[in-house]
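Please arrange chain Z on chain G, whose structure you already have, making use of the hints.
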Amino acid sequence: MIVPASRLHAVLRGTPAAGHPPRWLVAAGLLVGAAMMLPVAYLLVRAVGSGGDAWALLWRWRTLQILGSTVALALAVTAASVALGVAVAWLTHRTDLPGRRWWTIASALPLVVPSYLGAFVFLAAFGPRGLLRDVLGIDVLPELRGFPGALVVLTLFSYPFVALSAGAALDGHDGSLEEASRLLGRTAWGTFWRVTVPQLRPAVTAGALLVGLYVLSDFGAISLVQFDSFTQVIYTQYRGSLDRSLAALLALLLVVLTAVVVVLERRTRGPARFHRFAPGVRRRLRATRLRQWTPLGVLVVAGLATLTLVVPVAVLAYWWLRGTPELADGSELWQAAANSALAAGLAAAITVLAALPVALLACRYRGRASAWLQAAVYSSQALPGIVIALALVFFAANYAPVVYQTLPLLLFAYVVRFQPHASGPLRGSLVQITPTVEEAARTLGQSPAQALRRVTLPLARPGLQAGAALVLLGALKELPATLLLAPTGFGTLATRTWGFASEGFFALAAAHALVLMLLATVPMVFLARRGIASE
Amino acid sequence: MNVALRCRELSKRFGDVQAVDDVSFEVAEGSLFALLGPSGCGKTTVLRLIAGLETPDAGLIEIAGSIAQSARTQVPPERRHVGLVFQDYALFPHLDVRANVAFGLAGANGRDARVDEVLAQVGLTELARRMPDELSGGQQQRVALARALAPRPRLVLLDEPYSNLDAALRVGLRLEVRAILRAAGATAVFVTHDQEEALSLADVVGVMMEGRLVQIGTATEVYRRPASRVVAEFIGEVNLLPGQGIGRAVVCDLGTVVVPEPLIGPVDVLVRPEALRLSADPRGQGVVTGHAFYGHDQIVHVRLDSGLRLQCRTGPGFDQPDGARVRVQLEGDALAFRR
Chain G
1 MIVPASRLHA
11 VLRGTPAAGH
21 PPRWLVAAGL
31 LVGAAMMLPV
41 AYLLVRAVGS
51 GGDAWALLWR
61 WRTLQILGST
71 VALALAVTAA
81 SVALGVAVAW
91 LTHRTDLPGR
101 RWWTIASALP
111 LVVPSYLGAF
121 VFLAAFGPRG
131 LLRDVLGIDV
141 LPELRGFPGA
151 LVVLTLFSYP
161 FVALSAGAAL
171 DGHDGSLEEA
181 SRLLGRTAWG
191 TFWRVTVPQL
201 RPAVTAGALL
211 VGLYVLSDFG
221 AISLVQFDSF
231 TQVIYTQYRG
241 SLDRSLAALL
251 ALLLVVLTAV
261 VVVLERRTRG
271 PARFHRFAPG
281 VRRRLRATRL
291 RQWTPLGVLV
301 VAGLATLTLV
311 VPVAVLAYWW
321 LRGTPELADG
331 SELWQAAANS
341 ALAAGLAAAI
351 TVLAALPVAL
361 LACRYRGRAS
371 AWLQAAVYSS
381 QALPGIVIAL
391 ALVFFAANYA
401 PVVYQTLPLL
411 LFAYVVRFQP
421 HASGPLRGSL
431 VQITPTVEEA
441 ARTLGQSPAQ
451 ALRRVTLPLA
461 RPGLQAGAAL
471 VLLGALKELP
481 ATLLLAPTGF
491 GTLATRTWGF
501 ASEGFFALAA
511 AHALVLMLLA
521 TVPMVFLARR
531 GIASE
Chain Z
536 MNVALRCREL
546 SKRFGDVQAV
556 DDVSFEVAEG
566 SLFALLGPSG
576 CGKTTVLRLI
586 AGLETPDAGL
596 IEIAGSIAQS
606 ARTQVPPERR
616 HVGLVFQDYA
626 LFPHLDVRAN
636 VAFGLAGANG
646 RDARVDEVLA
656 QVGLTELARR
666 MPDELSGGQQ
676 QRVALARALA
686 PRPRLVLLDE
696 PYSNLDAALR
706 VGLRLEVRAI
716 LRAAGATAVF
726 VTHDQEEALS
736 LADVVGVMME
746 GRLVQIGTAT
756 EVYRRPASRV
766 VAEFIGEVNL
776 LPGQGIGRAV
786 VCDLGTVVVP
796 EPLIGPVDVL
806 VRPEALRLSA
816 DPRGQGVVTG
826 HAFYGHDQIV
836 HVRLDSGLRL
846 QCRTGPGFDQ
856 PDGARVRVQL
866 EGDALAFRR
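If you're matching them up, the sequences are chains G and Z in order.
In terms of the working numbering, the first sequence has 354 at position 354, counting the first letter as 1, and numbering is strictly consecutive.
In terms of the working numbering, the second sequence has 740 at position 205, counting the first letter as 1, and numbering is strictly consecutive.
In short, the hints are calculated from the structure, not lab data.
No experiment lies behind these values; they were computed from the predicted model shown.
Positions of the beta carbon are idealized from the N, C-alpha and C atoms, including for glycine.
It is possible that some hints are incorrect.
To be verified - Sample of chain Z residues facing chain G (criterion: CB under 7 Å; computed from the structure):
1. F560
2. A586
3. L588
4. P612
5. E613
6. V617
7. L619
8. F621
9. D623
10. F627
11. G639
12. G642
13. N644
Only chain Z is shown next, with the shape it has when bound in the complex:
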């Protein structure tokens, strides 16, 4: 596997804030890497460090095998051959779509052909003569992507690429952008605070919290085996149950559950809502207290007799009203973290 991007021990401080703290990761050529984290966790700063728009306090950045940043060298942004799609797209308002896309292409030689090609790739051939302010949000985003891809960068960086789009547009465009990136054979790093986006698009997800990269793994890994309670809580909904670890078995309000790692003593048992099964049962250990209906599924809120509140994901057909007595059973993975 060829490494397209290698970051080692990157650190960056802004005043009192340690924005990026000892971050290391690698991205394989042609793959899609997501930096996922809550806003203000430093993920955008990592992107800007890679692009050369900020200077790290320490650390090393290697792009396509050559050093872009180290204690001794700092390659300026214009010589890194990195495409960046900005969160606000940063289209040049004084240039039309065509001129925006052609902006990074040097020399007239083959420039028009390349612009046509990229515009066709993102499906904007018809709009080439429009000005940026005459485009919808989704179109602007595609222009920004086309502009970044046109000079055939070694690496494409996308900063919260979908955050300015409305929900309906977002899902379609995500898949489209992934297809475009794949077709271009581009290696891409994108930053997002939307876990659904990260999990559904990326080959590898890096989870960032307070400047630190706390977990790197595939979507399945970070969702099913989060490295910490905080990661688990950030990625998807979770129920936390106090429990007592006795090896790989943990005793909690749901009975005795089996966890992957042996633990002794007080623990938090972590259960995803979809791992719980509800059934109507007059002798069950809980009472329905509320519903949030989403169409394809629903979240049912249950209060156990012990006082503990749980969220359970069920199919749309589960129709027990508030106040109905239900039985809650674990039917999937549980994880435990030492308290």
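So that you can see chain G by itself, here it is in the shape it has in the complex:
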């Protein structure tokens, strides 16, 4: 739909439809906001009330060491992911690489592989008694432990964040800018640095943020490669000691760390841009010819696809097939699959429902309540799953024992953890709806609620679906919160994979992992087809 210039500012600002938001919308929004704030608020209360011992323990040399190694790992993985992600995005979106469409999908698919699974597979394949040595007798690979192990595994399975957002940005680019640069005398190389890279920066930064947050909050992979990071230490502290104040303090410190990352990214990003309102016709740039470099390009994308997709599937399949006797009774596996689907499905539905008032308030009504709500949701981006889980464990154990280790509490954790996943695409959909269609519905006799149901929601459907798919994907893979909060006996594919893997039952772990990846492929394929995966 054409947006006339005179209404442009109104569209960008999101003009309030008839003044104040309806009360029910504000009430729903505040409820969601309060829920989002609960974990951190509780951790703060807990930290303030903790004894001097815990504080003394916190200010140890060891804490600083862990802080340093966590930050170093996050920086290294982010840098490596940016390099890899931009290269793959450029190869698949801007060159004549054969089979580009397939490689694009292949570069997104590693997101269905949880990082702990990646780590497990790599250890199982390349480890001291791993597959390669067992089957092929190869014994030249360095051990994937500690920092290098974490770096390799996390980079391989989180670079798609950068590849996806950079790819989307490259697609959206106005090719005539590059052409103008060439006509103004810049070389192809100079144009890439002076025009393409600056245009890519916001998208790459957004992707890098996701990678950074992923590393800071990762628990499974880091534990498996035996690297001491924050999440790992928090978990051992929580499991290993009776006084859990130190775990709370460490968790808060982690929140501060992630919050710094989020704020830094926000700073560099600047105000949001609405490219689609740019005047003039957008032109696609002619693909760069790779010529003699084609084999190298194919090698890069094929190598990555092998490491991130073929190897995991092959290794898992190998363990599964070899260990068939262990799997005589498959009913537990299907029970775990059903549990995973149930928890993730409910989480997706509830999270999207909760995201709705938040996104509506953000896009249609500005004001103090709306701004506060945005801050609350935005800050939850900085909450690693283990932090949310710990806070909820403490909270439930002390104040609400009824919900302790019940499905509702687990779902609550998912809703808080994945709120940004749902509200991002939803807001993206909502800002594309001109407020005048809602006003038109009002003048045609519809109440605000009716206008929402008959106009806004149908139009926001792509965002609702993408949000649900992202939450589904995240919740299926989620490990630390599920480990801590799942009801006793409620094994999910993620927790059982992790449990079996850490106990050395590789065949059982592989079976659960394969089913998990299969399940996670459903929302992933949906997202890839929608092309909204960049959110």
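Using the frame of chain G, we list chain Z on its own:
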């Protein structure tokens, strides 16, 4: 005469901007009222206040005799029974033409018949199953109009209804829309910055400047007797000549002209280009400096020996080249405003 819409002392402020400032007017039932003004003058805000999409800071709105807005009551937009045709049409992109038109009709009873009727009125029966993005700009506009008319509103509001259409389409559609509104017996208020549009369509024109309604009158009145210099300059082209008022006679570069109101002292004499007559005359008081040819007429630019520059509208046949000496004579109305 029944009053379909009455606005009294409407005011609305956005931050530092007084968008609407003490606006009062009435619209008679079945008539077409134009709010004319430059962009940013607050005319669209007035429309949105009437529709209930904005809340005024002060003032009263009465629609078909019942209070829609006052200090104490605010009827929500969905209960005002006002149709609004948006500048961007705001068609529902997820619904086809038929569903768009049927949107505001409650209950299945007679709904299909009414949709058919309105679609026929705007000549869109054939396109009922199309989606909005499969329609041309003119067709979209007619769908928007049909959608607004379908629930038989007491009042139809149109926000810059033709601004998104190209010039060729505009003229034809204007007349068509007026015919549709007349046939529906609808009272309509439309907002425009195009003076030609306002003058040619509306029964009554309200001229808005910087949030204030500065003049209300028929097209002829606001064109021939503008209330102020600013209004005169906004509506149509004008020549301004410095002059000296001595009662109803004013002395200026064109000689002594007669104005409707007596004035004493320095004044601006306002003369429309078509009120000036040009003739080739080697002893005339001006020189041709340029032409803008429009086909049905042309604007000839003349510099008087006093240095004053004038625009004169002549027939297409006037063919004096640039540099030719001409005589300029007043052959129509002149107005004067105190300087």
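Notebook entry, point to check: Among all the numbered hints in the text so far, which are the ones the structure does not match?
Noted result: Checked against the structure, the hints that fail are numbers 1, 12 and 13, while the rest are satisfied.
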